[in-house]
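**Student:** Required output: the full structure, derived from the provided sequences and hints.
Here the protein sequences line up with chains A and B, keeping their order. The first sequence begins at 1 in the numbering used here and counts up one residue at a time. The second sequence begins at 585 in the numbering used here and counts up one residue at a time.
Keep in mind the hints are simulated off the structure, nothing from the lab. Glycine is no exception: its CB is placed at the ideal position from the N, C-alpha and C atoms. Fair warning: there could be bad hints in the mix.
To be verified - List of simulated lysine to aspartate or glutamate pairs, EDC-like, C-alpha gap at most 16 Å:
| id | chain 1 | residue 1 | chain 2 | residue 2 |
| --- | --- | --- | --- | --- |
| 1 | A | K57 | B | D639 |
| 2 | B | K943 | A | E504 |
| 3 | A | K3 | B | D639 |
| 4 | B | K989 | A | D495 |
| 5 | A | K519 | A | E571 |
| 6 | A | K180 | A | E167 |
| 7 | B | K1033 | A | E494 |
| 8 | A | K3 | B | E640 |
| 9 | A | K18 | A | E61 |
| 10 | A | K44 | B | E640 |
| 11 | A | K57 | B | E640 |
| 12 | A | K57 | B | E594 |
| 13 | B | K1033 | A | D495 |
| 14 | A | K419 | B | E968 |
| 15 | A | K197 | A | E465 |
| 16 | A | K519 | A | E450 |
| 17 | A | K57 | B | E665 |
| 18 | B | K1033 | A | E555 |
| 19 | A | K44 | B | D639 |
| 20 | B | K600 | B | E968 |
| 21 | A | K549 | B | D1031 |
| 22 | B | K663 | B | E594 |
Claimed, not checked - Among chain B residues calculated to face chain A with C-beta under 8 Å, some are:
| id | residue |
| --- | --- |
| 23 | P612 |
| 24 | N617 |
| 25 | I629 |
| 26 | R711 |
| 27 | T902 |
| 28 | S967 |
| 29 | C970 |
Stated by the list, open to error - Beyond 10 Å from chain A on every Cβ pair, some chain B residues (computed):
| id | residue |
| --- | --- |
| 30 | N787 |
| 31 | R790 |
| 32 | K1033 |
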Amino acid sequence: MGKIWRVSGPLVIADDMKGSQVYEIVEIGKEGIVGEIIGLERNKAIVQAHEDTLGLKIGEEVRGTGKILSAELGPGLVASIYDGLQKSLLTLIENTGSFIRRGAKACALPRDKKWQFTPTAKVGDAVSEGDIIGSVPETSLIEHKIMLPSGIKGRIKEIRKGEYTVEEPIAWVEFNGEVKELKLMQEWPVRKPRAYKQRLDPSGLLTTGMRILDYMFPLALGGKAAIPGGFGTGKTVALQQLVRWAQTHLNIYVGCGERGNEMADVLYSFRQLKDPRTGKMLEEKEIFLANTSNMPVVAREASIFVGVTIGEYFRDMGYDILLVADSTSRWAEAMREMGGRLEEMPGEEGFPSYMGSRLASFYERAGMVECLGSPKRKGALTICGAVSPPGADFSEPVTQSTIRIVDALYALDVSLANKRHFPAISWLTSYSLYVDAVKDWWNQFDPGWENTRATALKILQQEAELEEIVRLVGPEALPDGDKLLLLVARMIREDFLQQSAYHEVDTYCMPVKAGLMLKTIIRFYELSQEMLNSGAGIDAIRSSPVIRKISRMKEIPHDTFEQRTKELWLEMEQNLVGHKGGIT
Amino acid sequence: MNIPSLYIKEGKAINKAKGALIIAESIPGIKFNEIVDVQLSSGQIKSGQAIDISDEATVVQVFGGVSEVDLLGSKIRCKGETLKLAVSADILGRIFNGMGEPMDGAPPIIPESYLDINGEPINPASRMPPAEFIETGISSIDGLNVLVRGQKLPIFSGSGLPHNRIAAQIIRQAAVKGKVEKFAIVFGAIGISYDDASFFIRNLERTGALERTVAFINTASDPTIERISTPRLALTTAEYLAWRRNLHVLVVLTDMTNYCEALRELSAMREEIPSRRGYPGYMYTDLATMYERAGRISGKEGSITIMPILTMPDDDITHPIPDLTGYITEGQIVLSRNLERKGVYPPIDVFLSLSRMMKEGIGPGKTREDHNNVFMQSYAAYSEGCYLREISTIIGAEALSERDKTYLANADEFEKKFISQGEFEKRKVEDTLDIGWELFSALPEEDLKLISEKFIKRYLPKYSKKSQA
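**Tutor:** What follows is the structure, given as structure tokens:
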């Protein structure tokens, strides 16, 4: 047992700590404030406190726990709400009321709840790390596979079926005469990536229901993406849309240093929403980690790593997981604060020089893998992090370090947000390197996907160039061909890229529908060009009634969409081509 | 504000005094961040805070600098207590200075309990999402940037703009629609001029709200360092009133720019590594720990709504102070110098202003069924008008089509009729929406794409008047 030697903000130095290890968890003072050893020097341990240190005194005791910061993994994770250290917030309400007392304890997994365990392995089976030995129906959407924890192998001596808590033994494994007990629960140190057999390239589309993502800047399963944006540009709404509608088995939402009311809103709304694919309550495939901006700064780092560890654990069961983190900038700020206290040599804007590698160690845990153990299975963990650049200036260090790591960037634009164009993802600065990875996926439904996408992006690029001329001479001075291009670009922006998160139908758009919508606009462009070539004026095109119908396409429910689009195409061809016939 | 208790320890051996820091030998029993007294040889006492304690040394930051501190005769005295505020139900109607000492001539209150001024974070899982519409009687807020109970909505202003008058108007008029409820106002003045402070007090007096108000006033001439405590005292009082006394509390903090300046000064004195423009890197977290004290809690009757006011240095919204605030608060009301020059009161910039809690606070049963549609359409029409205004300065208004001219005129009307209103005019939200409809009637009806047909038939004057007749 050691004692406090120095306190400076979240930095605590404890004396008489011989025998401790780096990253060991300690409890400080009589309240048992949680801290983590980040360095050792002779008898002294340098501790970062995950809770407020106000009022601590020299000489108060510091107790080592012998454990390093680990996540509890097992049935009971899904639909839970945790703080950054994986304490159950609902248990904390029962224990200490509506406010978070420092030092308050709460287990991540409920200890008294019994789970129905069904073995799939038999007595005598040879098993090793990662093998699935049975499962627990955790929610109606998640079958929780029980895997052999790391460091255990041998033959199954006994395995039981029935109802057990996470701490009761369910199986015994014998190796070289030594028998080990297995439970439903295991632990994993959060800073260490979980093992897998082989890393695979990201492939297949992570369907999000957002047209600008799915169609224009696709995110692949196992990919990593970032959403940088100034305040008010809709980062949080975009991330909430992702966790709401992404077609994955499980989503993890890490609220890291963000607003409490927003967190409350997310928690409330998820209890009322249904998964479009299964019709089950969305809550049954979500895990929340809430470490709001007024909660301890150092725990922001923990919240990110706890989240990603849980993600990897479910990935290892062979599931597709999406983790979103809002916002990684707040975590970087916590690093800066700690770095300053430790009197480290600062890098750019006071951030520690290791910030880039720390961010990379988080994003690099995304990926599609062949999981360890049998049966053979694939799982993917996709990560999408928000970045909050000060003054919406993307040249700042956190944004720049992030851009170097991720393969898809959704840049939010302040001027789009001010025009209330949502999602305010800029089509000029965003990119995705997963176009090749999802090509095969798209071609199953939409053979011309790459071409349509490229055509639309080209039109938008040309519009941006024409805008500069319009600013000088006004839109009416352009030739008809350019006027048509502006009209079509506007249709792509307003009728395709803009998508309302609050509209009943438009909030989630099936990829097939997105493809048809964009093709309709491109078809309109082709027909109109023919009209212009045959001598019609731009006004004839502008007054066409199909334009208004195209603008209402997003509101058409998915089940009748194909039929309605067919009708629209017919009408479009008659209306526009018919016009041509009238003129020539 | 400090609990009058005996000093428990005294440290004498001061080794270094420079800038605002004194470094003394270790004082046993001192608590991290506690407020200490520094007694000079002359007997004069200065306040300080223990910002770094260890077995070897104690670093104390002296409020107001280390002038006259000597290394031989000065002493550090500590009480083993962190900063606490005495509270009781009698606190309503009182005026305190920026450190929580009474300045209204009345005796100190008899405390019911002492509260840590840093508060405790609300468990995010026990929060209730804010959803109750607060009617402020100001059209550009009620119609376009709705304030809801439990929200934190700042006013971003510039020097010389009428933010104080707007805040005073909101304090006077704000009420939850259709309800008469117990409410309280907590007013925190941070480094503002004496005139501004007395403007607020007079305003509260005149409306009879003073007895439901608690004010903490740190004026421009008070020590900078006290500004760190003033908003925290105000919020601790608000928490006491909301969570223990079940009141709906509106906290007005002005001017938060002065607070941030004080924070920067403090940080520089501590020789910390500065972040943007010299402000400390933890300013986001520091502001968040205050603003996040707003909210509603399930199972509790009261609520805390925070309206901080800050002046943007050089009207620059990307300056660290408004920027970090915008990342924490749920929207912002931005004042525009252009509108002010045009004589529009309140000069609220509709494009830069935003309320993130709006969709929860409006609609049938809360305001009116057409609210969202009117908001979207007004916004679109005004935005088109402003775009044309910009274009017409280059190519001339004559080059615009008839339709465009209608929109241009509509934008002017919108500023004159919708945004503009009297300082003592309290508009009901229905009246605000009706003004919106009146403006729509000048536009071509087929352009009202963002409004559903049934509302057009019900509310557009040419139909609604007919049906009444």
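**Student:** Now, for every hint given, state plainly whether the structure supports it.
**Tutor:** Results of checking the hints against the structure:
Of the pairs offered as hints, the one joining A:K57 and B:D639 holds, with about 10 Å between alpha carbons and a cut-off of 16 Å not exceeded. Between B:K943 and A:E504, the direct Cα distance comes to roughly 14 Å. Compliance with the 16 Å bound is thereby established for this hinted pair. Under the criterion of a C-alpha separation no larger than 16 Å, the hint pairing A:K3 with B:D639 is consistent with the structure, at around 10 Å. Annotation: proposed proximity of B:K989 to A:D495 is violated, straight-line Cα distance about 26 Å (limit 16 Å).
Taken as a hint, the A:K519 and A:E571 pair is honoured in the structure, with Cα atoms around 15 Å apart against an allowance of 16 Å. With a CA separation close to 14 Å, the supplied pair A:K180 and A:E167 stays within the 16 Å bound. For the suggested pair B:K1033 and A:E494, the alpha carbons sit about 13 Å apart, so the restraint of at most 16 Å is met. Of the pairs offered as hints, the one joining A:K3 and B:E640 holds, with about 14 Å between alpha carbons and a cut-off of 16 Å not exceeded.
In summary, the hint linking A:K18 to A:E61 is supported, as the alpha carbons are separated by about 14 Å, within the 16 Å threshold. With a C-alpha separation of about 14 Å, the suggested pairing of A:K44 with B:E640 holds against the 16 Å cut-off. As the CA atoms of A:K57 and B:E640 are separated by approximately 13 Å, the hinted pair is consistent with the 16 Å bound. In summary, the hint linking A:K57 to B:E594 is supported, as the alpha carbons are separated by about 15 Å, within the 16 Å threshold.
Of the supplied pair hints, the one linking B:K1033 and A:D495 holds, its CA atoms being roughly 13 Å apart against a limit of 16 Å. For a cut-off of 16 Å, the pair hint linking A:K419 to B:E968 stands: about 10 Å separates their Cα positions. Between A:K197 and A:E465, the direct Cα distance comes to roughly 49 Å. Violation of the 16 Å bound is thereby established for this hinted pair. Between A:K519 and A:E450 the CA atoms are separated by roughly 12 Å; this keeps the pair inside 16 Å, and the hint holds.
In summary, the hint linking A:K57 to B:E665 is supported, as the alpha carbons are separated by about 11 Å, within the 16 Å threshold. Proposed proximity of B:K1033 and A:E555 is supported: the alpha carbons are some 13 Å apart, at most 16 Å. Of the supplied pair hints, the one linking A:K44 and B:D639 holds, its CA atoms being roughly 12 Å apart against a limit of 16 Å. Note on B:K600 and B:E968: the hinted pairing is violated, with a Cα-Cα distance of about 64 Å set against a maximum of 16 Å.
Of the supplied pair hints, the one linking A:K549 and B:D1031 holds, its CA atoms being roughly 14 Å apart against a limit of 16 Å. Pair hint B:K663 plus B:E594 holds up; C-alpha atoms about 9 Å apart against a cutoff of 16 Å. About 7 Å separates the beta-carbon of B:P612 from the nearest beta-carbon of chain A, less than 8 Å, and the hint is met. At its closest, the beta carbon of B:N617 sits 5 Å from a beta carbon of chain A; the interface hint therefore holds under the 8 Å criterion.
Residue-level restraint check for B:I629 is violated (minimum Cβ-Cβ distance to chain A is 22 Å; threshold 8 Å). With its C-beta approaching chain A no nearer than about 4 Å, B:R711 sits inside the 8 Å limit, and its interface hint holds. Given hint, B:T902 at the interface with chain A, holds; its Cβ is 4 Å from that chain's nearest Cβ, closer than 8 Å. Residue-level restraint check for B:S967 holds (minimum Cβ-Cβ distance to chain A is 7 Å; threshold 8 Å).
With a cut of 8 Å, the hint placing B:C970 at the interface with chain A is violated, because the nearest CB-to-CB distance is about 11 Å. Residue placement check: B:N787 keeps its beta carbon more than 10 Å from all beta carbons of chain A (closest about 29 Å). No beta-carbon of chain A is positioned within 10 Å of the beta-carbon of B:R790; the least distance is around 33 Å. A beta-carbon of chain A comes within 10 Å of the beta-carbon of B:K1033; the shortest separation is about 8 Å.
Hint violations for this structure: numbers 4, 15, 20, 25, 29 and 32, all remaining hints satisfied.
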